[in-house]
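Enquirer: Protein chains in written order, with the numbering used here: chain A, 1 to 197; chain B, 1001 to 1175.
Don't read these hints as lab results, they were simulated from the structure. Everything numeric in this text was worked out from a predicted model, so none of it was measured. We put the CB at the ideal spot given by N, CA and C, even for glycine. It is possible that part of the hints are untrue.
[To be verified] Not everything, but these chain B residues come out facing chain A in the computed CB check (under 7 Å):
| # | residue |
| --- | --- |
| 1 | Ser1124 |
| 2 | Ser1129 |
| 3 | Tyr1140 |
| 4 | Val1155 |
[Unchecked claim] Over 12 Å on every C-beta distance to chain A, these chain B residues come out as not near it, computed from the model:
| # | residue |
| --- | --- |
| 5 | Ala1064 |
| 6 | Ser1078 |
| 7 | Ser1080 |
| 8 | Thr1130 |
[As the list claims (entries may be wrong)] According to the in silico footprint, chain B covers these stretches of chain A (three or more CB under 8 Å from chain B):
| # | segment |
| --- | --- |
| 9 | 44–56 |
| 10 | 59–72 |
| 11 | 79–93 |
| 12 | 110–122 |
Letter by letter, the chains look like this.
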Amino acid sequence: MVNLIWAFMFIFGIVFAAINGTMDEVNKVLFTSAQEAVTICLGLISILVFWLGLMNVAKKAGLLDKLTGLFRPAVSRLFPEIPKNDPAMGYILSNMVANLFGLGNAATPMGIKAMEEMKRLNGGKSEASRSMITFLAINTSSLTLIPTTVIAIRMNYGSASPTEIVSTTIIATTCSTLSAILIDRFFHSRTLKKRRI
Amino acid sequence: MGVVTAISIWILPCLIGFVLVYASLKRVQTYEEFVEGGKEGFSIAISIIPYLVGMLVAIAVFRASGAMEFMIHLIKPSLSAIGIPSEVAPLALIRPISGTGALAMTSDLIATYGPDSFIGRLASTMQGSTDTTLYILTVYFGAVGIRKMGNALKVGLLADLVGIICAIVVVTLVF
């Protein structure tokens, strides 16, 4: 599906530009956006190095295991494939906690570590495992408690109460995360049914 | 507001301090372990490059050609039919594809309609309660070399749709 969407964006974009007379713009962004992508990745180096370094200290000190122990009952239900004391669980939890506090920059390295561990559990296959899909479903539905960027924008535009949207955001994000989990379960059970037939 | 700002300023330094104090008490070789863990970060960032270049260029072409605007225009009526106001319809469509695009659109909606208007509150809530699905999939799967995504994209996009609908319902009920 991702192959289709990817190719579609290019093909439809180019055809549309031909009709619309925007080929000039398309030409320009071909190079600027590629550069932008590399800049983003290079920018990630500092964040990844720092947080993975700190995570390693936390792991060696046993803090990751502590965190896992604390939330294990709730989260192990979500990820039945992951063994209870596996390091993957610790990284998943750190990622979720970082996301909750809106620490996007700190959450990404932990999420990547979690993916690495899940890939190991899946025998190193280049195919997404069930727990990876569940993990991403939860991640993409956004777990933020305090949407700092939005609050900042609202302050800039002179809102009488910039933080009034925190409550609605928390309710909406809870609903969407719960539905993400349900949708994930639905698709999983459908895949299982297909395999049985 | 003061409390929220204070929390977001204090939380990271306190977390780092806590980890280092705890690790030192446990006699962990903190600096050496930090360097050891950090080394990995470099190669991970480099390995994401091709995935992100591919995805961002495609999105840029799609946007710059005017195709995205055209699609949004096309889908707007059906979105309005399920209760998504036509002003925020473009935001709903762009949110899963482009984080910076969505942020720009949210600022624009807030600037045009005012932060305390229904549209302004709705845009704020939508921005906060959903995430850039395509970017997350690209970075996370790219970093560990997952090529077959399975149902991940479908689940992510459907969850976005539900998130947007939730945002509309909640904002309508609360304000």
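Enquirer: Give a verdict on every hint.
Expert: Evaluated hints:
1. The beta carbon of Ser1124/B is positioned within 7 Å of a beta carbon in chain A (closest approach about 4 Å), and the interface hint is therefore held.
2. Proximity of Ser1129/B to chain A holds as hinted, the smallest CB-CB distance being about 4 Å (cut-off 7 Å).
3. Taking 7 Å as the C-beta contact cut-off toward chain A, the hint placing Tyr1140/B at the interface holds, the least distance being around 5 Å.
4. The beta carbon of Val1155/B is positioned within 7 Å of a beta carbon in chain A (closest approach about 5 Å), and the interface hint is therefore held.
5. At roughly 4 Å from the closest C-beta of chain A, the C-beta of Ala1064/B falls inside 12 Å, breaking its exclusion from the interface.
6. Distance check for Ser1078/B against chain A: the nearest CB is about 19 Å away, which clears 12 Å, and the non-interface claim stands.
7. A cut-off of 12 Å between C-beta atoms confirms that Ser1080/B is not in contact with chain A; the least separation is 20 Å.
8. At the 12 Å boundary, the C-beta of Thr1130/B falls inside the reach of chain A, the nearest C-beta of that chain being 5 Å off.
9. A count of 12 residues in the segment 44–56 of chain A with a Cβ less than 8 Å from any Cβ of chain B is obtained; the coverage claim is therefore met, three being the minimum.
10. Check on the segment 59–72 of chain A: 5 of its residues sit with their Cβ under 8 Å from a Cβ of chain B, so the three-residue criterion for coverage holds.
11. Three residues within the 8 Å Cβ limit are the bar, and the segment 79–93 of chain A against chain B gives 0, so the coverage statement is violated.
12. Closer than 8 Å: that is the beta-carbon criterion, and the segment 110–122 of chain A has 5 residues meeting it against chain B, so the requirement of 3 holds.
In terms of the numbered hints stated before, the structure departs from hints 5, 8, 11, listed from lowest to highest.
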